[in-house]
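Heads up: the sequence lines are chains E and Y, in that order.
With our numbering, the residue at position 271 of the first sequence is 271, and numbering never jumps.
With our numbering, the residue at position 188 of the second sequence is 188, and numbering never jumps.
Among the clues, some could well be false.
Any copy will do: because identical chains look the same in the list, a pair fits if it lies in one copy or spans two.
[As the list claims (entries may be wrong)] As a list, the in silico DSS-like pairs of lysine-lysine whose alpha-carbon atoms are at most 27 Å apart: (1) K179 x K276; (2) K143 x K359; (3) K359 x K348; (4) K28 x K126; (5) K126 x K296; (6) K43 x K82; (7) K296 x K141; (8) K97 x K143; (9) K111 x K48; (10) K308 x K111; (11) K54 x K28; (12) K48 x K348; (13) K124 x K97; (14) K276 x K348.
Keep in mind the hints are simulated off the structure, nothing from the lab.
Protein chains: 2
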Amino acid sequence: MAPTKLGFIGLSADGQWAANSHLPHIQKRPDLFRITALQNSSKASAEKAVQKYKLGGDVACYDDPESLARDPNVDMVVVSVKVPEHYRLIRPALDAKKDLFVEWPLAANVKEAEELTALAATQKVKNVVGLQARQNPSIRKAKEMVANGELGEILGTTMLGSGMVLGATEAPVYEYMAKIEHGANLITIPAGHAMDALCYVLGEMTELQAKLATRRPTMDIVDASGQVLRTVNKTAHDWMSVTGTLERGGGVATMVYQGGLSDTGKDFYWEINGTKGTLVLEGPNGHIQMFHPTIKFVPAGAGRAQLKEIPVEPASDFAYNVGKVWDAAMGEGDGGVVAFKDALLRHKMIDAIYRSNEKGTRESYL
Amino acid sequence: MAPTKLGFIGLSADGQWAANSHLPHIQKRPDLFRITALQNSSKASAEKAVQKYKLGGDVACYDDPESLARDPNVDMVVVSVKVPEHYRLIRPALDAKKDLFVEWPLAANVKEAEELTALAATQKVKNVVGLQARQNPSIRKAKEMVANGELGEILGTTMLGSGMVLGATEAPVYEYMAKIEHGANLITIPAGHAMDALCYVLGEMTELQAKLATRRPTMDIVDASGQVLRTVNKTAHDWMSVTGTLERGGGVATMVYQGGLSDTGKDFYWEINGTKGTLVLEGPNGHIQMFHPTIKFVPAGAGRAQLKEIPVEPASDFAYNVGKVWDAAMGEGDGGVVAFKDALLRHKMIDAIYRSNEKGTRESYL
């Protein structure tokens, strides 16, 4: 089979995420992928990226998503930019019946996500979303053990995380996260990936209740040396507490995510308690889609000394999980594709969290 | 001042709690206290306790609360028995205008607690409740640091606990806890004491939302060797997740309590996160009214390596906190008396938890 021809939106010469997470895997598998087109904010910027990453002189460079989408030499459009831009960039690709790989969150809100998911179904295009925590070896091991009944019946689960973003200060590149309407914040990104992992391992929630807060209504934007450049108003939340009921078995799931970094070693801590034993997943960062957590198991009643780490392949860099998503998108590996419809369900869960927070009620999203 | 003459209900020769927690302190301070009367289920049982604890031949022995309450040689009645008995034993003492020291929970439900609190006010008697986690040195230190602004503004707080009781199995002595109408269970006792400590340190909650579960609807009653004696139905809850909004500042408080003992080292873990720093209280057991937690502090942004234990006097045995309550009741120490009205507020909080769980709404209790 010929390699899939990728039209990449968001790979820039001075960017970091796309270059560090997508590019290494794509370039490792020339049998599967070929980047044939780039779209950036300007043609010059796209050309600069082609040169920097040595993509080859035949890569087409564009400054608008419509041209990229119309290029007959593009099979699949990759969207790796800020969330507020997603809808505007995805629509032309869907209209042109191109396959799509979009990073999570799929869109800035549930309404956009619904529209894009419906259109992807109508257009019958392959559609993939980067909810890549599901590809992490510890998360996959947890799912396997729960499914095999190694924990017995699930009693409950508790997850604590610190979201890195939206803490006391923020770098200029993340300033846009301060505005809730941009849809890229503590709830949607770090907590969103983590809640997706929770539901992947334990199943969805029949209902949930949530309390969100914006405890720091302003945010200092700082440069690399910590110098305050400006102070901006913040409407996005910096604290989330969600409690849900697991549809499989009825266990109680509690998730607490806070902005910034933890000073106490609780950047990511997740217990899954069952009648036969408990799993503990711990990691150095609340962005578990990027940072690998360890996984430990203790049989019920055995006591703390019996809490033993389970060896799994460590996903030691940012690119690991993303690479597995790419493999899955190409029908390789056992990961399974996370499609727009799966992302839509997660968007609906987040919408239920917002509704519950506002109204003080339990909300459903299934 | 002459020692206060105590009429003790619940001090039995084969009992443990009253003998281990109340008696040592009472006997250490003959200048403050004298036990002048005992009431047990039978006169013989009371006489046996008098002998065993060498209380003296002049201690009056009773088998009913009315006789103890009417004894002119009793100033204060002490109630240290199972919660379902409280109301029946407290009423006669109040009717006889005797001062009272009652263990937490004050009563089996909020209705009983309301009636007893109103009657104590009418009768103008001194009334003390053993919500003794407030006397723990680490809890008091946390309150002091929060009040002094050493944590800055409180962003949120998260508490995880395992309640020892209502786990996979239970000893015969605690079998009565299985029935929710008895009012002595995971929510009221271990979580109740812990939530009281949380509110003592951080203030009450303007509203809360709760999810409770009975994940093990039956419970094996086992003897000391672990042999199953019988299996009983359980209506009390074995999982609690509560999220509240702190009235001072609006931080988000999340508490998760589960039945049994933790196998993961999370029997008691409590973070209090502020803009200037974070406190971590950790203990070997979710019953923090009995088991002493350590207290550690880390300044904001300093990182895990800077999490330093704060030296406080260790409350190294069960009796320490109870002793401090006795001191406070006698106007000694700086602990302040926890009265029926304070216990009633905590009963109302627990009632709000039950209402929220049932209706799926946010509830107030202030």
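Each hint tested on the structure:
no.: 1; hint: K179 x K276; verdict: between (44 Å within a copy, 25 Å between copies)
no.: 2; hint: K143 x K359; verdict: neither (33 Å within a copy, 32 Å between copies)
no.: 3; hint: K359 x K348; verdict: both (16 Å within a copy, 22 Å between copies)
no.: 4; hint: K28 x K126; verdict: within (22 Å within a copy, 78 Å between copies)
no.: 5; hint: K126 x K296; verdict: neither (36 Å within a copy, 52 Å between copies)
no.: 6; hint: K43 x K82; verdict: within (19 Å within a copy, 78 Å between copies)
no.: 7; hint: K296 x K141; verdict: within (10 Å within a copy, 34 Å between copies)
no.: 8; hint: K97 x K143; verdict: neither (34 Å within a copy, 62 Å between copies)
no.: 9; hint: K111 x K48; verdict: neither (35 Å within a copy, 74 Å between copies)
no.: 10; hint: K308 x K111; verdict: neither (44 Å within a copy, 47 Å between copies)
no.: 11; hint: K54 x K28; verdict: within (14 Å within a copy, 83 Å between copies)
no.: 12; hint: K48 x K348; verdict: neither (39 Å within a copy, 66 Å between copies)
no.: 13; hint: K124 x K97; verdict: within (8 Å within a copy, 81 Å between copies)
no.: 14; hint: K276 x K348; verdict: neither (32 Å within a copy, 35 Å between copies)
Figure legend: structure checked against the earlier numbered hints; hints not met, in rising order: 2, 5, 8, 9, 10, 12 and 14.
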